[in-house]
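Following the hints, complete the assembly by docking chain B onto the known chain Y.
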Amino acid sequence: MNDWPLWEIFIRSQHGLSHKHVGSLHAADGEMAIKHARDVYTRRNEGVSIWAVKASDIVASSPGDKEALFESANNKIYRHPTFYEVPEGVKNM
Amino acid sequence: MYSPPEQSQASPGRAAEPTSPEERAFQARIDAGIKIEPKDWMPDGYRKTLIRQISQHAHSEWVGQLPEGNWITRAPTLRRKAILLAKVQDEGGHALYLYSAAETLGVSREQMVADLHAGKAKYSSIFNYPTLTWADVGAIGWLVDAAAIINQIPLCRCSYGPYARAMVRICKEESFHVRQGYDIMLALCRGTPEQKAMAQDALNRWWWPALMMHGPRDAESVHSEQSARWKIKLYSNDELRQRWVDQTVPQAEFLGLTIPDPKLKWNPERGHYDFGEPDWDEFWNVLKGNGPCNRERLQARRKAWEEGAWVREAALAYAAKRAQRERKRA
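Protein chains in written order, with numbering that gives the first Met the number 0: chain Y, 0 to 92; chain B, 0 to 329.
Please keep in mind that the hints were generated in silico from the structure rather than gathered at the bench.
Please note that the accuracy of each hint is not assured.
[Said to hold, decoys possible] A short, non-exhaustive set of chain B residues, derived as facing chain Y with CB atoms under 10 Å: (1) D30; (2) D43; (3) L95; (4) Y98; (5) S99; (6) A165; (7) R168; (8) T257; (9) D260; (10) K262.
Note that beta-carbon positions come from the ideal geometry of N, C-alpha and C, so glycine has one too.
One chain only, chain Y, in its complex shape (with noise of 0.2 Å):
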């Protein structure tokens, strides 16, 4: 008999955040994740919502493809506000 499928489980926290991925549990189905999932991972009233995403349905970026996809946003630090200098005497900026 095999394992049942692997599920990974996102939660909302009461403060207005984003989910956010807790880690991951075995379920038949989708109904039976999020019964699961409220089990594993919010006995502490951790969260209000949760998500159950089929981690065979995740399409992930490689470890190799880091480079390719990172490494250009390095070059632009012009994107940050720390690379431009203000002027003393100007104000709320």
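Frame of chain Y; chain B shown alone:
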């Protein structure tokens, strides 16, 4: 509850110098404090050692439900019962976080469960001792869960991302376990002479197994060097054991209980307690399967797994049928 800090004898041994460019890059990442994630390249030895360590840890949580579960129906009050239920449920949860973390390394849940049931996988030796009285539930929370925290807090900083994240969750929940255990001991020690004697008896029986729970002496521990370099073991067994003794002795004094070790003595020069050697033959013997409850623990796990098989199969069949119906309707 709790992880066995390297309670096994077989395997890799000394730290090997990284040789290939991949291994050197891998070690450089670890030295720089960058976490290793599931899809990253890793040496076979790192993967294997982590699978063994995380699954042993998961099995310990899983089997660890049994000694305390033994007292759920006989807890002295409804309050104590609700607390114990919540604690045992936490242990089940901890096992699940850890099994998931191990699965990210490519081992299946089914395989891990099969290895446990076949007696191939280890779990912490402490759970092969019986819980004879209610005070044992207190002693386990106070002594065993505290030992677990001491071992697990450093693991929150270990090099493997999923394991470190599971440890963060577990540590947050673990301090409830220690406090509820100490609370039980406190109530008994403030109770009748018979109740206090029961608490002392539990301490007498759990002290040595808890001391051994930190694993063999550093000189006998085979995995430490390589695991330290890989940052999946951050302190040695003897360091963790000393830390546990130092924090536990004053807590026992507060309860008015006596640690059952005539050699236990504060050493002002070292700034630590000196203590006696546990019976290491007993430790290895329990680990080999000959402790008071080894057979009973595994039987209970196998029985639960086998008797639950029809539920697991029925749930899958139901999910398949529903999915088929939805496809037809679409």
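How the hints compare with the structure:
{"no.": "1", "hint": "D30", "verdict": "violated, 18 Å"}
{"no.": "2", "hint": "D43", "verdict": "violated, 17 Å"}
{"no.": "3", "hint": "L95", "verdict": "holds, 5 Å"}
{"no.": "4", "hint": "Y98", "verdict": "holds, 9 Å"}
{"no.": "5", "hint": "S99", "verdict": "holds, 5 Å"}
{"no.": "6", "hint": "A165", "verdict": "holds, 7 Å"}
{"no.": "7", "hint": "R168", "verdict": "holds, 8 Å"}
{"no.": "8", "hint": "T257", "verdict": "violated, 36 Å"}
{"no.": "9", "hint": "D260", "verdict": "violated, 37 Å"}
{"no.": "10", "hint": "K262", "verdict": "violated, 41 Å"}
Comparing the model with each numbered hint stated earlier shows that hints 1, 2, 8, 9 and 10 do not hold.
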